[in-house]
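Novice: This is what each chain is made of:
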Amino acid sequence: MGQISPLRWLGLSAAALSAFIVTSLPSHGEDAGNLYNTAVDIRLGQRYFERQCSRCHGFDAKGNDETGAPDLTGRLNRASSDAGIFNIIREGVPGTAMLPVDSEVPDATVWQLVSYIGSLRYDPASVELAGDADSGARLFNGAADCSSCHMIEGEGGRMGPDLSRVGENSTPDDLMTALVNPDADVDPRWWQLRVTDREGSVRQGFRMNEDSFSLRIMDDNAELWSYPKNRIANYDRIETSTMPSYDGRLTESELDDLVAYLFSLRREVQQ
Amino acid sequence: MKKITLAITCLLASWQVTAQETAQEQQFSTVITPAFTPVTWERLVDARNEPENWLMYSGTLDSQRYSLLDQVTTDNVHQLEMQWSYQIPVIDRAETVPLVVDGIMFITEAPSNVVAVDARTGREYWRYDHEMPDDLRICCGRNNRGVAILGETLFMSTLDAHLVAIDARTGNLLWDVEVAAHDAGYSKTAAPLIVKDKVVTGIAGGEFGIRGFIDAYDPETGERIWRTYAIPGPGEFGNDTWSDDSWRTGGAATWLTGSYDPDLNLIYWGTGNPGPDWNGDVRLGDNLYSDSALALNGDTGEIDWHFQFTPHDVHDYDSIQIPILADIEMDGRTVKSMLWANRNAFFYTIDRANGEFLHGKPYATQTWAEGLDPVSGRPIRVPGMAPTYEGTLVAPPIVGATNWYSPGYSQDTGLFYVTSFDGAQEFFKRDEDYEEGERFTGGGGRYLQPMDAFHSSIRAIDPTTADIVWEFPIMPRSSAGITTTAGGLVFTGSADGYFFALDAATGDELWNISLGARVHAAPMTYAIDGRQYVTIASGNVVYTFALEE
Numbered sequence: 001m002g003q004i005s006p007l008r009w010l011g012l013s014a015a016a017l018s019a020f021i022v023t024s025l026p027s028h029g030e031d032a033g034n035l036y037n038t039a040v041d042i043r044l045g046q047r048y049f050e051r052q053c054s055r056c057h058g059f060d061a062k063g064n065d066e067t068g069a070p071d072l073t074g075r076l077n078r079a080s081s082d083a084g085i086f087n088i089i090r091e092g093v094p095g096t097a098m099l100p101v102d103s104e105v106p107d108a109t110v111w112q113l114v115s116y117i118g119s120l121r122y123d124p125a126s127v128e129l130a131g132d133a134d135s136g137a138r139l140f141n142g143a144a145d146c147s148s149c150h151m152i153e154g155e156g157g158r159m160g161p162d163l164s165r166v167g168e169n170s171t172p173d174d175l176m177t178a179l180v181n182p183d184a185d186v187d188p189r190w191w192q193l194r195v196t197d198r199e200g201s202v203r204q205g206f207r208m209n210e211d212s213f214s215l216r217i218m219d220d221n222a223e224l225w226s227y228p229k230n231r232i233a234n235y236d237r238i239e240t241s242t243m244p245s246y247d248g249r250l251t252e253s254e255l256d257d258l259v260a261y262l263f264s265l266r267r268e269v270q271q
Numbered sequence: 001m002k003k004i005t006l007a008i009t010c011l012l013a014s015w016q017v018t019a020q021e022t023a024q025e026q027q028f029s030t031v032i033t034p035a036f037t038p039v040t041w042e043r044l045v046d047a048r049n050e051p052e053n054w055l056m057y058s059g060t061l062d063s064q065r066y067s068l069l070d071q072v073t074t075d076n077v078h079q080l081e082m083q084w085s086y087q088i089p090v091i092d093r094a095e096t097v098p099l100v101v102d103g104i105m106f107i108t109e110a111p112s113n114v115v116a117v118d119a120r121t122g123r124e125y126w127r128y129d130h131e132m133p134d135d136l137r138i139c140c141g142r143n144n145r146g147v148a149i150l151g152e153t154l155f156m157s158t159l160d161a162h163l164v165a166i167d168a169r170t171g172n173l174l175w176d177v178e179v180a181a182h183d184a185g186y187s188k189t190a191a192p193l194i195v196k197d198k199v200v201t202g203i204a205g206g207e208f209g210i211r212g213f214i215d216a217y218d219p220e221t222g223e224r225i226w227r228t229y230a231i232p233g234p235g236e237f238g239n240d241t242w243s244d245d246s247w248r249t250g251g252a253a254t255w256l257t258g259s260y261d262p263d264l265n266l267i268y269w270g271t272g273n274p275g276p277d278w279n280g281d282v283r284l285g286d287n288l289y290s291d292s293a294l295a296l297n298g299d300t301g302e303i304d305w306h307f308q309f310t311p312h313d314v315h316d317y318d319s320i321q322i323p324i325l326a327d328i329e330m331d332g333r334t335v336k337s338m339l340w341a342n343r344n345a346f347f348y349t350i351d352r353a354n355g356e357f358l359h360g361k362p363y364a365t366q367t368w369a370e371g372l373d374p375v376s377g378r379p380i381r382v383p384g385m386a387p388t389y390e391g392t393l394v395a396p397p398i399v400g401a402t403n404w405y406s407p408g409y410s411q412d413t414g415l416f417y418v419t420s421f422d423g424a425q426e427f428f429k430r431d432e433d434y435e436e437g438e439r440f441t442g443g444g445g446r447y448l449q450p451m452d453a454f455h456s457s458i459r460a461i462d463p464t465t466a467d468i469v470w471e472f473p474i475m476p477r478s479s480a481g482i483t484t485t486a487g488g489l490v491f492t493g494s495a496d497g498y499f500f501a502l503d504a505a506t507g508d509e510l511w512n513i514s515l516g517a518r519v520h521a522a523p524m525t526y527a528i529d530g531r532q533y534v535t536i537a538s539g540n541v542v543y544t545f546a547l548e549e
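These protein sequence lines are chains E and G, in that order.
To convert, note that position 151 of the first sequence is 151 in my numbering; the numbers rise steadily by one, no gaps.
To convert, note that position 39 of the second sequence is 39 in my numbering; the numbers rise steadily by one, no gaps.
Since the hints were made in silico from the structure, they are not lab data.
None of the values given here were measured: they were computed from a predicted structure.
Keep in mind that a hint or two might mislead.
As the list claims (entries may be wrong) - Cβ pair distances, simulated, as ranges: (1) G:Asp134 - E:Asp145: 54 to 62 Å; (2) E:Arg237 - G:Arg248: 45 to 53 Å; (3) E:Ser226 - G:Leu68: 55 to 63 Å; (4) E:Trp225 - G:Asp75: 25 to 33 Å.
The beta carbon of each residue, even a glycine, is placed where N, CA and C say it ideally should be.
Produce the complete structure using the sequences and hints provided.
Specialist: What follows is the structure in structure tokens.
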């Protein structure tokens with residue numbers, strides 16, 4: 001077995017721990033159904049996962065673009081309870097590559113998988129944050145002017161990702177990184193392309209989509225442009241972020257408030 | 001039949017009737033079936049000289065995928081238009097390369113079905129649905145890559161590790177034999193290869209601790225005539241390249257189709273990774289004949305020579321790529337060569353008469369080897385590149401610099417074409433015990449970057465130097481094969497659903513069409529009544545194109 005600690009799986013560094021405290025990990029309070037949730041079960045579940053599931057979901061369960069298998073470390077799309085996850089593993093997702101596990105696999109093993117997947121997540125309510133979400137919301141829409149680029153629940157700008165659910169698949173640490181080091185992990189959707197046409201004029205915009213023979217961008221005025229690659233002179237990819245770094249621009253406590261606000265942006269959990 | 005069509009048509013506005021009637025008339029005016037003549041071994045040997053037909057998975061026994069059809073050329077390929085599409089009724093990816101025999105096309109479908117259609121219209125003659133058990137052990141999705149034909153019989157591998165013979169005129173099952181036990185992890189997806197009076201076929205299951213082999217069957221009865229294990233047993237040469245009993249579960253699956261040289265009477269076949277894939281500690285040694293090219297006697301199946309590309313592989317660099325056999329001019333002499341762009345990112349030119357390594361070079365990004373020994377061709381490893389418990393970043397990633405998708409060769413340009421991927425991945429090692437029928441891989445991998453951050457391209461390689469002559473970039477990561485034609489074209493597809501044609505000499509883009517779904521298959525080309533067609537599967541649809549008449 002690999003010695004990968006649960007904290008590593010959450011993508012948390014020691015530094016991030018100072019920002020917030022995880023009080024229980026994992027939390028199975030709501031699911032008395034799963035009797036296989038000891039540390040040993042989680043390890044066995046991980047072992048089974050690495051062997052049987054990782055080829056599609058990735059060795060870190062963070063999904064894989066090519067197989068279409070989703071990230072299992074954040075909020076799931078098809079299940080909100082342990083029993084729901086159990087059923088997906090047992091029955092598969094019909095019409096997709098997600099096949100049911102072999103009928104000979106004992107229930108205990110499936111519950112161990114459920115426990116392992118559970119250990120990759122955590123109950124957001126158990127996370128204590130230094131910042132204040134309400135102050136964060138005011139900053140977001142006011143002084144820090146985040147909303148000029150980002151939409152939340154249909155309000156705001158188009159020059160950045162919609163953040164309505166950003167708390168679901170990001171840890172507070174991820175969110176802090178996004179604010180102080182935006183270039184760290186830019187999704188290819190938010191790269192930019194600088195396109196030079198054959199007359200020599202240049203147009204730059206977000207890389208909405210690029211395929212082998214064409215590309216589509218959105219410019220500063222939110223105009224959409226589509227180009228066949230063989231009709232342009234050339235294009236460059238800019239893989240850095242257009243979002244400014246707020247390191248030093250905002251105080252530590254303002255950053256904490258924003259993180260608290262962003263972390264609260266999630267759908268209601270229906271049990 | 002026509003009456004019914006017309007009756008329905010009458011329900012539509014009357015002005016449409018005349019138009020449709022004429023169209024129907026034209027479409028069905030030629031009856032093709034009686035022209036179908038049995039496919040003898042002589043026809044298969046000479047397949048290149050009947051380019052109107054596509055008689056085997058790789059087109060010809062040398063697997064060049066080079067067609068003499070030249071109606072579609074670099075000048076007019078941009079006028080290709082879709083003629084028909086056939087929707088496979090099963091939603092799974094189509095990796096099929098259809099055969100065309102005298103106007104009839106045979107398409108395989110997931111999981112292991114065949115449909116025969118009129119190659120001019122895509123309309124069905126018959127279908128064969130294979131009965132499948134519900135306890136399959138498959139590593140990588142349900143798919144089938146194609147059939148072989150001899151006489152009037154089709155031969156198909158099935159996912160439950162059977163070989164079946166099907167009547168080409170009716171789809172009736174003639175025989176069905178179990179090649180290996182599917183519940184022990186064996187499966188079959190590749191098209192068999194006909195060699196004289198035998199059906200030669202390999203086996204998949206390299207992620208389940210199987211012991212790979214190549215078999216030959218009697219086409220009449222399905223009786224097995226010989227089996228050559230890809231891992232030598234005790235007392236045989238090479239068995240001592242496996243520590244302890246690891247040879248028993250050493251993998252070396254033979255999961256694609258080989259090639260054949262009638263003059264040398266040698267069958268060439270690639271072998272897969274040693275198992276467990278990413279943990280080499282339990283199988284110390286070179287692990288013969290995993291990740292190798294094997295040359296087998298065409299009558300007895302005995303191993304004539306072997307060339308191991310990646311001794312003691314720990315990265316899943318299967319060497320099942322289709323061997324391209326080409327006679328090339330090198331150093332003032334004609335070399336009967338075997339050309340191979342390996343999953344391990346090196347390109348090799350090998351003397352196919354004796355297995356001698358002639359030269360080789362990387363054709364894609366790789367970090368695991370410093371190079372190849374100039375005499376033996378054995379890789380010189382970079383230390384510290386084996387998978388670890390914590391993860392080791394290595395290029396190429398598990399899917400490889402290329403993989404099972406067919407490369408191509410053009411007799412006009414003398415170039416070799418391969419779909420290549422420049423990627424890297426973190427490789428992990430795990431300890432696992434072998435259990436029959438369970439995955440036995442000893443680890444896995446993960447990408448540290450989004451797929452779009454990597455690069456893919458079609459590369460043209462000069463086999464006399466192993467140099468890259470041109471490359472055409474596409475988005476990562478294509479798993480489409482390549483077909484070349486005497487019209488000066490290279491046809492292939494992309495991961496983002498394009499089918500396209502390049503100039504075989506220069507790599508210039510000549511034509512593309514968005515089919516909308518990933519291309520997992522190789523194109524093929526054929527002709528009926530003097531008209532050239534080009535066919536490709538994308539998603540679960542088979543599309544056929546031709547120039548407007």
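Novice: Taking 54 to 62 Å as the hint, is the beta-carbon distance of aspartate 134 (chain G) and aspartate 145 (chain E) inside that range?
Specialist: Holds - the Cβ-Cβ distance for aspartate 134 (chain G) and aspartate 145 (chain E), about 58 Å, lies within 54 to 62 Å.
Novice: How does the Cβ-Cβ distance of serine 226 (chain E) and leucine 68 (chain G) compare with 55 to 63 Å: does it lie in that range?
Specialist: violated (39 Å)
Novice: Note whether the CB distance of arginine 237 (chain E) and arginine 248 (chain G) lies within 45 to 53 Å or breaks it.
Specialist: For arginine 248 (chain G) against arginine 237 (chain E), whose Cβ atoms are near 50 Å apart, the range 45 to 53 Å holds.
Novice: Between tryptophan 225 (chain E) and aspartate 75 (chain G), is the Cβ distance one that fits in 25 to 33 Å?
Specialist: Since the Cβ atoms of tryptophan 225 (chain E) and aspartate 75 (chain G) sit about 31 Å apart, the hinted range of 25 to 33 Å holds.
Violated hints amount to a single one, hint 3; each of the other numbered hints is respected by the structure.
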